[in-house]
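Take the given structure of chain E and dock chain F to it, following the hints.
Chains as they are written, first to last, in the numbering used here: chain E, 42 to 393; chain F, 42 to 393.
Derived from the structure by calculation, the hints contain no laboratory data.
Where hints are given, some of them may not hold.
It does not matter which identical chain is meant; a pair holds if it fits inside one copy or across any two.
[Said to hold, decoys possible] Capping the alpha-carbon separation at 25 angstroms, the derived lysine to any residue pairs in SDA-like fashion look like this:
#, residue 1, residue 2
1, Lys-348, Gly-177
2, Lys-64, Ile-232
3, Lys-384, Asp-370
4, Lys-143, Asp-133
5, Lys-348, Arg-180
6, Lys-198, Ala-272
7, Lys-229, Ala-159
8, Lys-179, Ser-346
9, Lys-179, Ser-308
10, Lys-348, Asp-187
11, Lys-384, Gly-107
12, Lys-250, Gln-224
13, Lys-65, Lys-384
Number of protein chains: 2
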Amino acid sequence: MRIEELDTPVPVVDLDIVEHNLKKMQAYCDSHGLNLRPHIKTHKIPAFAHRQVELGAKGITCQKLGEAEVMIDAGLDDVLISYPLVGATKADRLAALSRRAKLRVGVDSGLAAQTVAAAARASNAQIGVLVEFDSGNKRTGVVSVDEALNLAIQIEKSPGLRFDGLMTYPSSEATAEFVAEAQHRFSKAGIKIGVVSGGGTPNAWQAHKIAGLTEVRVGTYIYQDRATVAAGAADFDECALHLHATVISCPTADRAVIDAGSKSLSSDRVDPAAGSGYGLIRGYEDAVIERLNEEHGVVDVSRCSRKPQVGERVRILPNHVCVVSNLHDEIALSRGGILLDTKRVEARGKTR
Amino acid sequence: MRIEELDTPVPVVDLDIVEHNLKKMQAYCDSHGLNLRPHIKTHKIPAFAHRQVELGAKGITCQKLGEAEVMIDAGLDDVLISYPLVGATKADRLAALSRRAKLRVGVDSGLAAQTVAAAARASNAQIGVLVEFDSGNKRTGVVSVDEALNLAIQIEKSPGLRFDGLMTYPSSEATAEFVAEAQHRFSKAGIKIGVVSGGGTPNAWQAHKIAGLTEVRVGTYIYQDRATVAAGAADFDECALHLHATVISCPTADRAVIDAGSKSLSSDRVDPAAGSGYGLIRGYEDAVIERLNEEHGVVDVSRCSRKPQVGERVRILPNHVCVVSNLHDEIALSRGGILLDTKRVEARGKTR
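With the rest of the complex left out, here is chain E (with noise of 0.2 angstroms):
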């Protein structure tokens, strides 16, 4: 079968461009002494955990229990949950992991600390722990290094836990402040700070200039998007996915209706600034997909010189692939334009 013959709407992922992302991230991390533990959240799909870890990534990330699940399911041995993990539900899942492979987790209050002691103390493992702090992106995370002290002192006295350093989300100048204060307080204290970990594609790129940095968790990187390209962090030749679509409408002029909605673009829009609608239409960077429904787009074609007609297939640049990926139980895989196969987005889904 050939890509043009494939039903739409469907992510279709060309593995040269895959292969070149990972590699040319690999290669930044090593000349700058950085270690790489990808965030396997954006493809969910362990054959590219495999190669990113053959390729030298010192293990893997995962947001969700059931993703690291998935993972260490196809033979991953390495793996950060980057999540506060909080209850007896997820200690009693976190412990059944950490039998089975090497375990960090992060975490940003005493009730998360306790949960994977737990786990610990169920398994008879030795868990690793990151404290998060906030860099400014005031989501999870420490405020203080106070606060990341006192969680580190409840760690080191936790039976099964190994406190391994601090972990941030994303990294950016304001982390380099926090990292210089905790090193000089943990120290004075006792505490060996092995590991900081920052991450984002966005400012990937930026990683080295952050003192006190040792390790970068990025997902976006293998596919990349509109919202990396439009934040400097790659080229839109370094965009592996694209979803094809057809046009299924167009009822004026100036309006063209694409089979691809809400269920398979998202509704995540990028900053106005990297371009409007919720995804770029390559071949009409004119036309805006302008709104979402469940399973319409609506394209504003009232720009184009040349208008896309009903049967037409077009390939849409998505403002977030991450959430793309995961509306969609399979992508196709390409190379150079050729179809070669199917591949099952295995850890999708897996909100737990």
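Here is chain F on its own, set in the frame of chain E:
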């Protein structure tokens, strides 16, 4: 297991409320002589579709062929596909289904009509066709009675196709005007408009005021959500699906973070008049889910007199329940606060 012990995030559906909502809409349609043809895109579960038919629905509506395949596999036998199908692959799949169930398809272009005709030819079955027109939504649908009539004439001439009538979404006051003119013009051309199918839960209770309407396609009414409550189509007590989530972090007094982000709640917004944020936390109505990342919901709790704590479970009414249902492999079923079972969302992710 108790509901409180379910791992989070998890959508929990109250079956008493589902039953109430299904019966209420059926009674409304019955009392006004309207045929109810529920849209399964909201629940995506054959058991609920069967219940809708048992209660009096005249068949079901699907948006995508993949949804129709799941429903027909499960024994549903009268399906409207309210979506333009374009191309050879769609024709093949439609042909296969037309051998197994009574089908009707909405079209708004010559190419879409040709696709249905190709399916009818391949299967030797007769397929009903509705011509979709635009009632002001500016999505799909022909924009003039002239176009509708020309398309109906093309359909009447196509072997295997049966022109059944007109379709629009959402139905509104503009629907009646279009239908009145169409009835006049079609009648002069000797073409009978058997069905006039309208839809949309937000204005469903006004359907009887639209002269000429014969059929109501509604989906959201089974669960209801924040948007349909805001539209006045439902009360909060009629919302059947809540996403149960856990507070995983409270980095500052004014910020709580929940374990549900855009991969659990979607990035869909509601009209600002309907409220702010990405869902309503029941019992914390002054909290605002102000930002979603993929796995994090960042909640502004500054206006809450009582504030949620790390480890606490919360119930979230989604802005737009159809996309939430589509993000989860399973829902939990409950009745009066008692957990009964879990149910696979069988037509989830059927984007094609």
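Quick rundown of the hints versus the structure:
Proximity of Lys-348 to Gly-177 under the C-alpha cut-off of 25 angstroms is restricted to the inter-copy arrangement: shortest distance 23 angstroms between copies versus 44 angstroms within a copy. Neither within a single protomer nor between protomers do Lys-64 and Ile-232 lie at most 25 angstroms apart by alpha-carbon distance, with minima of 35 angstroms and 64 angstroms respectively. Taking the shortest Cα distances, Lys-384 and Asp-370 sit within 25 angstroms of each other both inside one copy (9 angstroms) and across copies (18 angstroms). In the homo-oligomer, the alpha carbons of Lys-143 and Asp-133 lie at most 25 angstroms apart inside one protomer (16 angstroms), although the nearest pairing across protomers, at 49 angstroms, exceeds that limit.
Taking the shortest Cα distances, Lys-348 and Arg-180 sit within 25 angstroms of each other only across copies (17 angstroms), while inside one copy they are farther apart (43 angstroms). Taking CA atoms no more than 25 angstroms apart as the test, Lys-198 paired with Ala-272 passes in neither setting, with 42 angstroms inside one copy and 54 angstroms between copies. In this homomeric assembly, Lys-229 and Ala-159 never come within 25 angstroms of each other (Cα to Cα): the closest approach is 29 angstroms inside a single copy and 78 angstroms across copies. Within a single copy, Lys-179 and Ser-346 get their C-alpha atoms only as close as 44 angstroms, which misses the 25 angstroms cut-off; across copies the closest is 21 angstroms, which meets it.
Taking the shortest Cα distances, Lys-179 and Ser-308 sit within 25 angstroms of each other both inside one copy (22 angstroms) and across copies (19 angstroms). In this assembly of identical chains, the alpha carbons of Lys-348 and Asp-187 lie at most 25 angstroms apart only when taken from different copies (23 angstroms versus 60 angstroms within one copy). For a Cα distance limit of 25 angstroms, the shortest separation of Lys-384 from Gly-107 qualifies both inside one copy, at 19 angstroms, and across copies, at 18 angstroms. In this assembly of identical chains, the alpha carbons of Lys-250 and Gln-224 lie at most 25 angstroms apart only when taken from the same copy (17 angstroms versus 71 angstroms across copies).
For the homomeric pair Lys-65 and Lys-384, the shortest alpha-carbon distance inside one copy (23 angstroms) is at most 25 angstroms, but the shortest distance between copies (44 angstroms) is not.
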